[in-house]
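Participant: Sequence:
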Amino acid sequence: MADFIGTHHGKLDIKGRVSVPSSFRAALKAKSTAGNTAATAPSPLILRPSHKFACIEGRTEQAFDALAQHLKNLSEFGEEHHDLATSLYSDSHRLEADKEGRIVLSAEMIAHAGLDPTQPVAFMGIGDTFEIWNVAAAERRKTEARERAAALRFNSPGVVR
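If you want this note's numbering, it's the 1-based position in the sequence shown plus 5.
These are computed hints drawn from the structure, not numbers from a lab.
Don't take every hint at face value.
Unchecked claim - Straight line, CA to CA, 30 Å or less: simulated DSBU-like cross-link-like pairs of lysine-lysine:
{"hint": "1", "residue 1": "Lys57", "residue 2": "Lys16"}
{"hint": "2", "residue 1": "Lys77", "residue 2": "Lys16"}
{"hint": "3", "residue 1": "Lys57", "residue 2": "Lys20"}
{"hint": "4", "residue 1": "Lys147", "residue 2": "Lys20"}
{"hint": "5", "residue 1": "Lys34", "residue 2": "Lys20"}
{"hint": "6", "residue 1": "Lys16", "residue 2": "Lys147"}
{"hint": "7", "residue 1": "Lys147", "residue 2": "Lys77"}
{"hint": "8", "residue 1": "Lys57", "residue 2": "Lys77"}
{"hint": "9", "residue 1": "Lys104", "residue 2": "Lys34"}
{"hint": "10", "residue 1": "Lys34", "residue 2": "Lys16"}
{"hint": "11", "residue 1": "Lys104", "residue 2": "Lys77"}
{"hint": "12", "residue 1": "Lys20", "residue 2": "Lys104"}
{"hint": "13", "residue 1": "Lys16", "residue 2": "Lys104"}
{"hint": "14", "residue 1": "Lys77", "residue 2": "Lys20"}
As the list claims (entries may be wrong) - Computed spacing ranges between beta-carbons, pair by pair:
{"hint": "15", "residue 1": "Ala156", "residue 2": "His14", "range": "22 to 32 Å"}
{"hint": "16", "residue 1": "Lys20", "residue 2": "Arg99", "range": "17 to 27 Å"}
{"hint": "17", "residue 1": "Lys34", "residue 2": "Ala71", "range": "31 to 41 Å"}
{"hint": "18", "residue 1": "Ala112", "residue 2": "His14", "range": "35 to 45 Å"}
{"hint": "19", "residue 1": "Ser55", "residue 2": "Glu81", "range": "34 to 44 Å"}
{"hint": "20", "residue 1": "Gly83", "residue 2": "Gly106", "range": "36 to 46 Å"}
{"hint": "21", "residue 1": "Arg158", "residue 2": "Lys104", "range": "21 to 31 Å"}
Glycine is no exception: its CB is placed at the ideal position from the N, C-alpha and C atoms.
Model the full assembly from the supplied sequences, consistent with the hints where possible.
Facilitator: Below you can see the structure in the form of structure tokens.
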């Protein structure tokens, strides 16, 4: 399975365009063509502001649909269902990269993530998803995550001592 891995830097232009790293575009294409030999282009991606961090989350449509599956376990008329649906769908955007691999971020997402067209942005791979960060904030987040993992004595995947 092709995952989003690594941290890649890019440039946000004044129009809100940024190039998706080529390895992420390859992962998107692999995820969209898995089991479908007729598919040749990457599937659209879903971007949404993170509700946990000052960054933008990116997912394939399939990964977004899997995230939204939790709604099926809730009463459609319940408050929890409405809160989760609002959180997931109202600020999400379905985007397709242009032929140069660029996407256009909304002004709201740019503001949420604290991005600045005069500064580079960081694409952080998080397995099935990726995040778009202000570079300094991304480095702080990675440091925090490493420290928390070390405090848990996390040594390698599946091993906690």
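Participant: Does lysine 147 sit within 30 Å of lysine 16, going by the straight-line distance between their CA atoms?
Facilitator: Holds: lysine 16 and lysine 147 sit about 20 Å apart, inside 30 Å.
Participant: So if I understand the rule, the pair passes when the alpha-carbon distance is 30 Å or less; does lysine 104 with lysine 77 pass?
Facilitator: Not OK: lysine 104 and lysine 77 at ~36 Å, beyond 30 Å, violated.
Participant: Is lysine 16 close enough to lysine 104, meaning Cα to Cα at most 30 Å?
Facilitator: Within the cut-off at roughly 17 Å; holds.
Participant: That 34 to 44 Å hint for serine 55 and glutamate 81 (C-beta), does it hold up?
Facilitator: 25 Å, violated
Participant: Sort out whether lysine 16 lies within 30 Å of lysine 57, counting only the CA atoms.
Facilitator: 24 Å, holds
Participant: Is the Cα-Cα distance between lysine 34 and lysine 16 30 Å or less?
Facilitator: Distance of about 22 Å is within 30 Å: holds.
Participant: Would the pair lysine 147 and lysine 20 pass a check requiring their Cα atoms to be no farther apart than 30 Å?
Facilitator: 28 Å, holds
Participant: Given the hint that lysine 34 pairs with lysine 20, does the C-alpha gap stay at or below 30 Å?
Facilitator: Holds, at roughly 25 Å.
Participant: Falls inside 17 to 27 Å, the C-beta gap from lysine 20 to arginine 99?
Facilitator: 19 Å, holds
Participant: State, for the Cβ atoms of lysine 34 and alanine 71, whether the hinted interval 31 to 41 Å holds or is violated.
Facilitator: With a Cβ separation near 19 Å, lysine 34 and alanine 71 fall outside 31 to 41 Å, so the hint is violated.
Participant: Decide if the proposed pair is consistent with the structure: lysine 57 and lysine 20, CA atoms, cutoff 30 Å inclusive.
Facilitator: 26 Å, holds
Participant: So if I understand the rule, the pair passes when the alpha-carbon distance is 30 Å or less; does lysine 20 with lysine 104 pass?
Facilitator: Given that 30 Å is the threshold and the Cα spacing comes to 17 Å, the pair holds.
Going through the hint list in order, the structure does not satisfy hints 2, 7, 11, 14, 17, 18, 19, 21.
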